[in-house]
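The listed protein sequences correspond, in order, to chains G, L, W, X, S and R. Heads up, the first sequence is in this note's numbering, so the first residue is 273 and it goes up one at a time. Heads up, the second sequence is in this note's numbering, so the first residue is 273 and it goes up one at a time. Heads up, the third sequence is in this note's numbering, so the first residue is 273 and it goes up one at a time. Heads up, the fourth sequence is in this note's numbering, so the first residue is 273 and it goes up one at a time. Heads up, the fifth sequence is in this note's numbering, so the first residue is 273 and it goes up one at a time. Heads up, the sixth sequence is in this note's numbering, so the first residue is 273 and it goes up one at a time.
Misleading hints may appear alongside valid ones.
Pairs involving identical chains hold if they fit within one copy or between any two copies, as the list cannot separate such chains.
[What the hints assert, rightly or not] List of simulated lysine to any residue pairs, SDA-like, C-alpha gap at most 25 Å: (1) LYS334 - GLN402; (2) LYS394 - ARG368; (3) LYS335 - PRO400; (4) LYS394 - GLU382; (5) LYS334 - PRO400; (6) LYS394 - SER290; (7) LYS335 - LEU319; (8) LYS394 - ASP435; (9) LYS394 - SER376; (10) LYS334 - SER290; (11) LYS394 - THR383; (12) LYS394 - GLU294; (13) LYS335 - ALA399; (14) LYS394 - ASN420.
Note that these hints are calculated values from the structure, not bench results.
Next come the chains, spelled out residue by residue.
There are 6 protein chains.
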Amino acid sequence: MKSHKMSSPQSPASGKPSSHLETLILLETNLDDMPAEWFGPLLDQLLASGALDAWFTSIQMKKNRPAVQLSVLCPPERADELRALIFAHTSTLGIRQREVQRYSLPRRVETVETRFGTIRVKLAEYAPGQWKVAPEFEDCLAAARAHNVPLAEVYRSTLAAWDCSAS
Amino acid sequence: MKSHKMSSPQSPASGKPSSHLETLILLETNLDDMPAEWFGPLLDQLLASGALDAWFTSIQMKKNRPAVQLSVLCPPERADELRALIFAHTSTLGIRQREVQRYSLPRRVETVETRFGTIRVKLAEYAPGQWKVAPEFEDCLAAARAHNVPLAEVYRSTLAAWDCSAS
Amino acid sequence: MKSHKMSSPQSPASGKPSSHLETLILLETNLDDMPAEWFGPLLDQLLASGALDAWFTSIQMKKNRPAVQLSVLCPPERADELRALIFAHTSTLGIRQREVQRYSLPRRVETVETRFGTIRVKLAEYAPGQWKVAPEFEDCLAAARAHNVPLAEVYRSTLAAWDCSAS
Amino acid sequence: MKSHKMSSPQSPASGKPSSHLETLILLETNLDDMPAEWFGPLLDQLLASGALDAWFTSIQMKKNRPAVQLSVLCPPERADELRALIFAHTSTLGIRQREVQRYSLPRRVETVETRFGTIRVKLAEYAPGQWKVAPEFEDCLAAARAHNVPLAEVYRSTLAAWDCSAS
Amino acid sequence: MKSHKMSSPQSPASGKPSSHLETLILLETNLDDMPAEWFGPLLDQLLASGALDAWFTSIQMKKNRPAVQLSVLCPPERADELRALIFAHTSTLGIRQREVQRYSLPRRVETVETRFGTIRVKLAEYAPGQWKVAPEFEDCLAAARAHNVPLAEVYRSTLAAWDCSAS
Amino acid sequence: MKSHKMSSPQSPASGKPSSHLETLILLETNLDDMPAEWFGPLLDQLLASGALDAWFTSIQMKKNRPAVQLSVLCPPERADELRALIFAHTSTLGIRQREVQRYSLPRRVETVETRFGTIRVKLAEYAPGQWKVAPEFEDCLAAARAHNVPLAEVYRSTLAAWDCSAS
């Protein structure tokens, strides 16, 4: 692991890390006649059905309605099915759709040994030779529960372990 | 009404309900120098001038400003007039515009008899032979006021009446 | 009107404007199983039934619910009736209640002549001899509609007319 | 079930439903140095440790920080432990605490037979002889998944079944 | 200044003010693993690096995360650099990008003399011969601090001075 | 620094860290007729005048107003002056006030040497012998700017340096 800052197939020393570019679909709809408790399962279903991401934004609509905008990001080939799912599981009668470009950083996963066990970290090269690191949330959560410690402690130990081994 | 689940011109038994697709315009602008009390009449004006929908999103801008994003959805032929209206009635100097596709479910309106009188329900076929139903808000509100009962009771009676007659 | 900055019964030159202090009740409840379109009529009813103010705050509840907190401010003698109204017209099973002190500025209303007609302004003395002024929203809205001009123009004319006459 | 509107031990015909009153504790803290992904597990822990409710409100703090206020409602005897939990699992150094009164409607649970199986409904008498009814979310969710239908359909069937049997 | 409503090079008496149209880039990313206190400096950096505007929207993501959407508006030629900056200074691994059209009102700046000194006002012709006016925020803030008066007073004086001189 | 987990005057091994308890004042007001750009300077003034904290919450008021609630936390002896300041610098005519208890963790500050220089960390003992640590935001920001690196890197280095030295 020591050398992982030295070699980077994605970014030769002379170049710039090539962020990946793809065309995705963003679906949006405003929901003003659906109780809040139906939204959680909807999000789970969308993510289980191929959405890359899905989220809610609180909005204020006509007639003083504290409503919610649903946003769903997906690959073009999943759009039809996800629209059908939104139509079936929400009260909406209309879904807005548009294309977006998405730039993504190439990433890879490593593991570090911590006093809470092995934790994966996600590495992304945001500039030539410059990496950002993020401990895997689910690993940290599992470790925090297993050791009955705050999440913050697992994150800190993971980052420290990675930092020490990397330097 | 009994048979309304049986026949569906929009969706032959073998097919899929044809959702309607159209290209609309979405106008957006960030408002950080306009008092909150001016927003309500603005929304009314926009809707009265051909906007299909209009809503506010609370945003956080530079210099710690708790500002508001205005969004307006409209047919392309209304965009010029609505932009002029936004420029006249808000403090903004710039309006963002982009096209969106909108998929809409074919819908029709029926009426049901309830103990609070006749209430319209909106029906939309979200999958072949599968309908979702929504009582008309304004009908329910009028009935709730006339009978001095909670809106929830009118909705429930309407859905029950529809369900009983439909099954 | 010229002299209105000179005399102020509420605040003798030597003193401090006496803000009014009273004990009010704040009712709050979290709503996660009620569609957004029911909220507008609820607000109207609360205000028509003696609430001094009522408002919504978007909150995020368990199970990923984008819910709404309702807040209602009222005099102690209206609390019973308003709680009954909230219980009847929302889905909630519990209402939180607590006392708050409210400090209010003494205020009075004057009128100014503008090119859009007579407009009331609300005046409040926030420090000895220092007044803040606010055009009456409903007057401005009516004038803006009658003259088909932006609200901003009516406000500006009103403030200018007041400022000119006052100085 | 037919007769359930006839008898109501909590509210003799001549009286008013006695809403239950108790004193609870509301804990609040502002969190501006904790990543969003740590908040979900925190909510689960709070609810598992005796919080009656817990929720987030987006706030805007100094230095343009889009932060989050955590609110936790609990019985007085759980306050110490929940504060300790918040101190351990968040970045905060200070927790605000105050008492609130909570009025609750007496409620009871019944079951109704629907075409999706047996579903519990929660009943609360919000005025003498006036009941509001809410299908149990978890029952509906389970039924919707088991029958692969939208939640809305299970709710509607449940309300209709209850309404038909009740009337 | 008296005549400034009479002549308007941008809008001959017979025409319509020509709002300026340009194509811009809107960058967006959802941030759920970055503490709130890192957002303020990020906004400053984006604006210092060529962003025309940048703002935050509170969103609700999967796993009950109270997250933040960052939006950045910029000219096409700044998009590469701003994306690099976002990748470097946030936790994100993906940035959404799309084109938007922006309509802008032609504007010019004048000055007015007030009892708090010279204040600039921004003028924009939103319809032929119809101007809206906005005092310059930074001028007003500086004057308010120098004279130790509320911002509202500086704004009002500025608008009044402009209105009087203009009419 | 090595031994700082061993000795803790605030919490003898046998006991529980004594969180500090004090009574504070929470001031709140709803602002619906004040432009967003006036809010930033207001926050600065409040914090400069003895507020312990001050923040905004987006709310939705009557007549479809996307308004803002201002909250200010302060010691009782600052309440009069802060109310006067709010009355002077906002459009409000009424301010709600109530007492809250605040529990605070005892904290102390240490410094760690990092590759970006000396950085202070705040330490708080949230349970006997259990410390949480937070790098000082302003130190990290200054270092990040001086070394032209992301804030995340300074935080990570600081936490790692602290963790290594502490263990």
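Hint check results:
1. When the C-alpha separation of LYS334 and GLN402 is checked against a cutoff of 25 Å, the pair qualifies neither within a copy, at 48 Å, nor between copies, at 28 Å.
2. Taking identical chains as interchangeable, the C-alpha atoms of LYS394 and ARG368 lie at most 25 Å apart only when they sit on different chains, with a minimum of 20 Å there against 33 Å within one chain.
3. In this assembly of identical chains, LYS335 and PRO400 lie within 25 Å of each other by CA distance neither inside one copy nor across copies; the values are 52 Å within and 31 Å between.
4. Proximity of LYS394 to GLU382 under the C-alpha cut-off of 25 Å is restricted to the intra-copy arrangement: shortest distance 7 Å within a copy versus 30 Å between copies.
5. In this assembly of identical chains, the alpha carbons of LYS334 and PRO400 never lie at most 25 Å apart, being 49 Å within a copy and 30 Å across copies at closest.
6. For the homomeric pair LYS394 and SER290, the shortest alpha-carbon distance inside one copy (17 Å) is at most 25 Å, but the shortest distance between copies (39 Å) is not.
7. Taking CA atoms no more than 25 Å apart as the test, LYS335 paired with LEU319 passes between copies only; the shortest distance there is 11 Å, against 32 Å inside one copy.
8. When the C-alpha separation of LYS394 and ASP435 is checked against a cutoff of 25 Å, the pair qualifies both within a copy, at 13 Å, and between copies, at 21 Å.
9. Taking the shortest alpha-carbon separations for LYS394 and SER376, only the intra-copy value of 13 Å comes in at or below 25 Å, while the best inter-copy value is 35 Å.
10. Taking the shortest Cα distances, LYS334 and SER290 never come within 25 Å of each other, neither inside one copy (45 Å) nor across copies (28 Å).
11. Taking the closest pair of Cα atoms, LYS394 and THR383 come within 25 Å of each other only inside a single copy of the chain (9 Å); across copies the shortest separation is 29 Å, beyond that limit.
12. Taking CA atoms no more than 25 Å apart as the test, LYS394 paired with GLU294 passes inside one copy only; the shortest distance there is 21 Å, against 39 Å between copies.
13. In this assembly of identical chains, LYS335 and ALA399 lie within 25 Å of each other by CA distance neither inside one copy nor across copies; the values are 48 Å within and 28 Å between.
14. In this assembly of identical chains, LYS394 and ASN420 lie within 25 Å of each other by CA distance both inside one copy and across copies; the values are 24 Å within and 23 Å between.
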